[in-house]
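Asks: As a plain string of letters, each chain reads:
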Amino acid sequence: MWRLLWLLAATFSPLPDMTDTQGHRQKLTQPDGKAAVIFFVTSDCPIANYSAREINRICAAYGSHARCYLDYVEPDLTPKQVSTHMTDYGHGDYPAFIDGKQLLVKALGATVTPEAALVLPDGTLAYRGKIDNQYASPGVRRTQVTEKYLRDALDAVVAGKPVAVPRTNPIGCFIPPVRAGK
Amino acid sequence: MTVAPRLCLPVALLAACLLGPIANAQTPTWSENIAPILYANCTTCHRPGQVAPFSLLTYTDAFQHGRTMAAQTQSRTMPPWKPETGWTSFRDQRGLSSDQISLIQQWVAAGMPQGDTAKAPAPPTYVDGWQLGTPDLILQMPKGYSVPADGPDIYRNFVFPTGTTTDHWVRAIELKPSARALVHHVLLFTDTTGTARGMDSQDGSPGFPGFNSIPNILLKDPLNALSGGLGGWVPGTTPAFLPSGIAYSLPAGSDVMIQTHFHPNGKADVEQTTIGIYYTSKPPRSITQLQAPAIFGRQANIDIPAGQSDYTVRSSFTFPVDVDAFSVSAHVHYLGRGTRLTATLPTGEVKILLWIKDWNFNWQDTYIYKDLIALPKGTRIDGELVYDNSSGNPYNPNSPPKRVQWGEQSTDEMGSLILNVVPHVASDLTTLQLAVAVYSGTTAPAVGTKPLLISAGVVDGASALSGAVSPGKVVVLYGQRMGPANLAVSQPSGGKYPSSLGGTQVFFDNVPAPLLYSSTGQVSAIVPYAVDGKPGTQMKVQVGSLVSDPIALPVTPVGPSIFSANTSGTGQGAILNSDLSVNTSANPAPKNSIIVIYATGEGQTSPDGVDGQQALTTFPKPLQPVTVNIGGLPAQVLYAGAAPSLVAGVIQINAQLPPGVPSGDVPVQVVVGTTSSQQGITVAVK
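Chains as they are written, first to last, in my numbering: chain L, 212 to 393; chain B, 119 to 804.
Just chain B, same shape as in the assembly (with noise of 0.2 angstroms):
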C-alpha cells in the first residue's frame, strides 16, 4: 500500500516521514492487533448515541481518527482516567498499557493498515435496556431542559420526589441521559427537607443552577449529610451493585437531587434524564462520608489570591474506631490543580487512597476501590487541594485572574477529599458519626507562615517523579518558605554532610535527612536509611521553630533512578566515557567500552548506609542485586556500589556495552533487584 507523501506531524509520526511505511511480517493490522484494544478499552463510549463524538467501531472509523488516537493515548489523554495508577486498586480503571499505546503507534506509523478482516473479532454487542435487570424505582424529570449550543459547561441540580413511604436501601443507580453527548458527569444526592423542590425552576427552566447550592441544602439535615447521597455517575461506567452488605441511604419521602454536567458541544440539545434505582434490604453497616477539607471545603476558608498557582489547603482527621472505605471522590472547581488523599495506618504504613496530579473538572469520576479497604483505628487522613488562580491555568474563569473565595457562584471555589466508608463494627456507627460531625464543624488550621510542600512536589532527585521514597534516596522538595532566600549548597566536613542547612531541617520520621542544598524554593536531601524496612514515612520541613504539616510518603525498599544530564529526568543521562569524559552526542562512548552510570535509589547497603557520609575508605555496595540494560540487552556490570567521594544514596555503576547495541541514543536501565529504573534515559553509542 503506497503512502501519499505529506506533511511530517509530531512524535509518533515522525518516523513514517524518515522511514517510510514499515512492511514487515509483524507489522500491527486494524483486524488483529487494533480493533480488540478498541473493543476492550474504547468502544464502550466510541459508539454511536453514546458521549463521545465519533464511533471507533468499524476499520473506516479508526482509519479517520487513526492519527488522532495515536496522539490521544500516547498522552493518556484517552481513555480518560485522573487518578495515578499504582497505587490502590478501582473498579472500571481504564487505561492503555504501553505495548498497546506501542502498537496504535506503529498501527499509525506503517499507514493504518486493516489486515485479513477474517482475523478480526467480532464488535462487542452492547445491552440498550436496564443493564441490570428492572429497576425497583424508576425517576424521570417531567420537562427536558435545554441546553446551549456553546458557552462555559454548565453545572445544573435537578430534582425528583420519590413519594416513598418507607425508607430504602439502594445498591446500584442506573442513569439514562436523553443528551448523551452533553452529559459529562452527574453526581446524586438526597434531600429530607424539600428545600431543592422550591427551588426547581424558579428561573422558568427545570431545575436549579449552582455549583455550591448543594452544600446548603445538605446541611440542613446534617445526618443525612453525612450519609452520603447516592454516588456518582460517568459515561462509560458499567452500571454495578456495590459491595455486598454496603448501601446507599434512600430516606422515606426524600427526593432525589442530582447536579448534572453539562459540556457543550456546538449543538443545542435537551436532556431528560430517567434513573433507575435498584433496593436491598437494610445493610448491616451503615455508611458514613468523610470530606476533607469539610462541608464541600468551606471549613478551609479558601481565599486564593489571584495569580497564584500553587494555593495549597489541608486538612487531616483521625478515625476514632475501625472503619472501612469503599469508594472515593474529589470536588474542585476550574481553578483546582491536584487533589490528594493519603491514610496513614497506625503501623506507619501509608496508602495514597486518591492522587490527582492534574485536575480536570470535566472528569469527577466516583472511584469505587475494587475490595474494600480497611483503616483501623487511629488511621490518621490528610486531603490536601491545590488551585492554580494564575492566567497560567486554562480553566481560569478571569482574565485576568482575580481573587477567589470559597462561595456559591461558579467563579467561586470549593474543594473537598471526599471517602464514603462503613464502620467495621455495625455498633461503632454513632462514634464514627459523631467525631465527622465534630470535624466538619472545626475550621480547618491555615498553612499561615509554615514551610509549605505539596505532595507532587516531593519528587526523585534523579528520576523529578513523585511517588513512592526509599532509604538513601536523594529527593528534592518544590514548595514555599522552606529555607534561606539565597541558595545555600552543603559542604561535607569530617567525611560527612550536615542535616542542618540555612536554618533548614528535613525530618523523616523525626529522623534529620543528610542535605545537599537548601533554599527557600527548592530543597534537596537524602532520605534517612531509618526508613528502611517501614511501609510508610511521614516528611516535615522545619524552619527555624516553624514546621510544615507533614507529607504521608509510601516507601519501598528501592527506587533506582539514573540522574540525567540536564536534571529533568530523561534524556541523555548522567554518565561517563571509560576515559571519564562526559558522554555526550558528540562525544559518545565507542561499542563495547565500559560507561559509568550514576544513579540513586539503591536501598539498603552493606556495610549498612550511614546518613550524609561521603565515601572515602568505605565502600557500600546494594543488599539488592544491580543489573543494567542498554538497548534492552543485558550488559555486564563490573561494579555497582558507592561512588568514591559521593554522599551515600547516590551509587556508581560501571557497565560494558553489549555487543549488538546500536549507534546513537540507546535507552539504558539500570534494574535493583526487580525494580527498573525510569523510562527514557540515554546514552550515546558511537
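Isolated chain L (complex conformation) (with noise of 0.2 angstroms):
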C-alpha cells in the first residue's frame, strides 16, 4: 500500500500554478482532459527562436488535445519584451511566463532551451527533450529533419498508446543557474 502511494508520488509531479505575462494564473493540470505541453525558450537562444514557428505549427495542429505554454527562463525580460518576441518569432496566442525564479525548470528537470515537456492530466511526464532533431549538434542545423519527437509523442497520447520515445537529450543553449536575488 505504502509502495504504491510512493510509485504514485513518484509519477505524480504537482507542477506549480504560473501567473503569464498577461496577469493571468495559469493552472498547468486542468480537469479538461488535454495534456500540457511546455516549451522552455529563451529570447536570444538561436535554436529556440528557430524552433518558434514549428511549436506554433504543433500547438495549432494539436489544440483540441493540448494546451501550450512557454517558459521564458531568463529574469531580466519584461512582459512587453515577451509579446514582441512572440510576435518576431511567430509564436501563436498561447501563454507565456517569465521564470526568473526556474520554478518550472525544477518541476520538469529541464536543462536547455528549446526543450519540451509533455504532461498528462494525471501528471504523468509523458515526453521530455528536443521537439526534432532539426539539429544534430548546437552547431549544425540539419537539411531536412528526419525525427519529430514531441509529434509522435502527442499521436501516441492521443491514441491512448504509450510514448515509444519517451525522453530525448535535448540540443540547445544551456538554462543557467538562478541567479542570485532574482
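Hints should not be assumed to be uniformly reliable.
Partial list, derived from the structure: chain B residues whose beta carbon lies under 10 angstroms from chain L [as the list claims (entries may be wrong)]:
id, residue
1, 220
2, 247
3, 272
DEER-style ranges, computed between Cβ atoms [claimed, not checked]:
id, chain 1, residue 1, chain 2, residue 2, range
4, L, 244, B, 210, 36 to 46 angstroms
5, L, 244, B, 639, 48 to 58 angstroms
6, B, 794, L, 333, 35 to 45 angstroms
7, B, 704, L, 369, 47 to 57 angstroms
8, B, 543, L, 380, 53 to 63 angstroms
Keep in mind that the hints were calculated from the coordinates and are not lab data.
Because the structure is a prediction, the values reported are computed rather than measured.
Backbone N, C-alpha and C define an ideal beta-carbon position, used for all residues, glycine too.
Reassemble the complex: the two chains are provided individually, in unrelated frames, and hints are given to aid placement.
Replies: Below, the structure is given as C-alpha cells:
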C-alpha cells in the first residue's frame, strides 16, 4: 500500500501554478482532459528562435488535445519584450511565463532551450526532450528534419498508446543557474 | 556564493556536481579572467547589431550564456575557425588556447563569479562607420531582398552596376549588410558581360537564385574569371587592405556580382547591402586564380552515388613559373565532408595550404595568408575533396539520399579548392594564365579502380591523429581497394617484417614501407627511415599494377605518440606494470613503481633504424632525448629504446612513477626532444 502510494508520488509531479505575462494565473494541470506542453525558451537562443514557428504549428495542430505554454528562462525580460519576441518569431497565442526563479524548470527537469515537456492530465511526464532532430548538434542545423519526437509523443497520447520514445537529449543553449537575488 | 543544487550536466560541469563550487584564491572571475578572453575573441560578433544571436559584453550576458560558452569553446565550435591549425598562418585567425578554454570551464564550474569589477577591462569600442576610411566607390542595392523567417539556407546573387569608365584595382572591400543577423558569408565577383544584370529580378525579387549560376556567368569572360574576382566577406572579419602590391581587378564598366548566403534565424528581415570599395594604383603583378578541380569542380565529373560517405575527387596542377600565393578558399555544398590543398615544392617540402576536416558550408571564409607563400616553378598543387552522400550527413538535402551530380540546382554538388596567386616575376603572367587555362579545360582524371585514400585517412597508429609523419612511425591507412578482402597479418621472416603483403605495397617516395597488416579498407605500415631529414614525402598505395594517387605529407623529425589500450588513441595507455601485467584501473601500478610504456614516432635512432627489423640482437635508441611526465611531474626514465622482438619504430619506455603522483587515472606524456605525445593518455595508479 505504502509502496503504491510512493509509486504514485514518484510519477505525480504537481506542477506549480504560474502567472503568465498577461497577469492571468495558469493551472497547468486542469480537469479538461487535455495534456500540457511546456516549451522552455529564451529570447536569444538561436536554436529556440528557429524552432518558434514549428512550436506554433504543433500547438495549432494539437490544440484540441493539448494546451501550450512558453516558459522564458530569463529573469530580466519584461512582459512587453516577451510579447514583441513572440510576434517577431511567429509564436501563437499561448500563455507565456517569465520564469526567473526557474520553478517550472525544476519541476520538469529541463536543462536546455528549446526543450519540450508533455505532461498528461494525471501529472505523468509523458515526454521530455527535443522537439525534433532539426539540430544534430548546437552548431549543425540539418537540411531535413527526419525525426519529430514531440509530434510522435502527442500522436501516441491522443491515440491512448504508450509513448515509444519518452525521453531524448535536447540540443540547445544551456539553462543558466538561477541568479542570486532573482 | 551558494550554488543551488541542480541536475548534473555533461562534460565540464560534472566537476561542479561532484565537488561543489571551487572556492580558493585562484578561482577565475569574470572581471579578471573571462572578460579579457571575451573582449579579445568574441565580442566583435557577440554584441548588439551583429551576426551573433546574443551579446557577451556584460557580466550578466556571460552569466546567462556561460554554460553554453563552456560547451561551445570546449568543442571548438566557437570561435568558428574551420581550417586545421599549425600548418600555415592566416590573417584574423580565430581560436582559443587550451588554457583559455580551461579557464572558462573552471569559471563555470565555480559558479561564474563576477569578481572585483574594478579589475575588469573596459569593453572594447567598435567603429560604426567605414573602418578603412571613406570608400572610393559605394554601391547599394536599390531594393531590399526579403529573407524568410525559416526554411533552408538561401544562396542569392545580387548585381551592382558600377558605371565606371576606366579599369580600377581594388585593395579592400567593406560590406555592410542591413540584416546582419542573417548574412553568413558573401563572395564577390565581377561580371563584364552584363549576363548577371539580365538575370536580375527575373523572379520578382532583387537578384537571382542559385549556387551554380556564377560559374556559367564567369565562363563567358574566361580571362576575367582567371583574375579571381573580388574575394569574400564573413562577419567578424576585420576589413583590411590586401598585401602591398596585390589588388583585385575591377574592369571598366563591369558589374559587381555578389553571392550572399542567408541563414534564416526564425525572424524575417530585409537585406539591402551596401558595399564600400577602396581603389589602388595598378599593381605590378596581376592575380591569377587556380581552382582545383577547375571551374568549381565541373571538370571533375562529380557523380556521387546515394549512400556513399567518402566519395573523393582529386586534381593536381604544377606551376610553370615561380608564384606567390596570398589567399585560399574552398567551395563545396551540403555534401562536403573535407577539403585539403597541399603544395609539394621541388625540394620535396610539403606545405598544407588549407585543410578542413569537417566541412560546414555555413562557414565559408576566404583565408588570407599572413605572409605571401612562395611556390617555386615546379611546385605541384594537389586538391582533394571528400563528399558524404549518406544519411549520416546531417546536411544531406535528400532523405533518403539520392545520386548527386555537378549541376545548377541547390541539391546538386560542386566543389573546388581555390588558390589566388601572383607571378613572382610580373612578365611571367601570360605563361601562368595559359597553363591555368589549359588545365581548366582538361577533365580531371577519375579515381576509377585505383586504390583510394583520403588525407584524413592517414593516421598515426598510436594516437589516431592525422597530420605529419616521421621516420619509423607506425601509421594506419583508411581507404578502399587497398588490399585483400580478408585481413592479412604479416609475420616477420629472418627477423624482418615484409614490405609486400596480400598484394599490397605502400611507398614513401618510392621506398617500400614494412607492413603490419593489410585489407581492402585498412592497412598498417611503418614509415621508412629514408624520410629522415626530408621536408615532405609522397605516399602511394599499390595493389598489383594499380597505384593510388599520391598523398603529399609533411615530415617532422619526431612525432611521439603513446599506444592506447583500446586503440582509440586516448584513454588508458598500452602500459605494463613492473610485474609485466597489463595496467588497468582494476590492476593499477603501485606508487613509485616502474611502468612500461609503448609508443611510436621517436624518429631516427642510433644505430640507424632499419625498416622492418625486429629488435632481436640490436636495440637502437632514439637520437633525441626522451623524457616522461606523469601527472605533470617529471618521471625518471630508466630505459627508452627498441622493444625487444618488436619492430623498429615501436619504442619501449621504462619510467618510474614520481613521488606525489595521485591515485586514479593519471595523464602520461612522452617528450622526444621538445615534442610531446598526444593529450589524453592515462596510466592507472594505485
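Asks: If a hint holds in the structure, say so; if it doesn't, say that too.
Replies: These are the hints, each one checked on the structure:
no.: 1; hint: 220; result: violated (18 angstroms)
no.: 2; hint: 247; result: violated (27 angstroms)
no.: 3; hint: 272; result: violated (12 angstroms)
no.: 4; hint: L:244 <-> B:210: 36 to 46 angstroms; result: violated (59 angstroms)
no.: 5; hint: L:244 <-> B:639: 48 to 58 angstroms; result: holds (57 angstroms)
no.: 6; hint: B:794 <-> L:333: 35 to 45 angstroms; result: violated (59 angstroms)
no.: 7; hint: B:704 <-> L:369: 47 to 57 angstroms; result: holds (50 angstroms)
no.: 8; hint: B:543 <-> L:380: 53 to 63 angstroms; result: holds (59 angstroms)
The structure is inconsistent with the numbered hints 1, 2, 3, 4, 6, although it conforms to all the rest.
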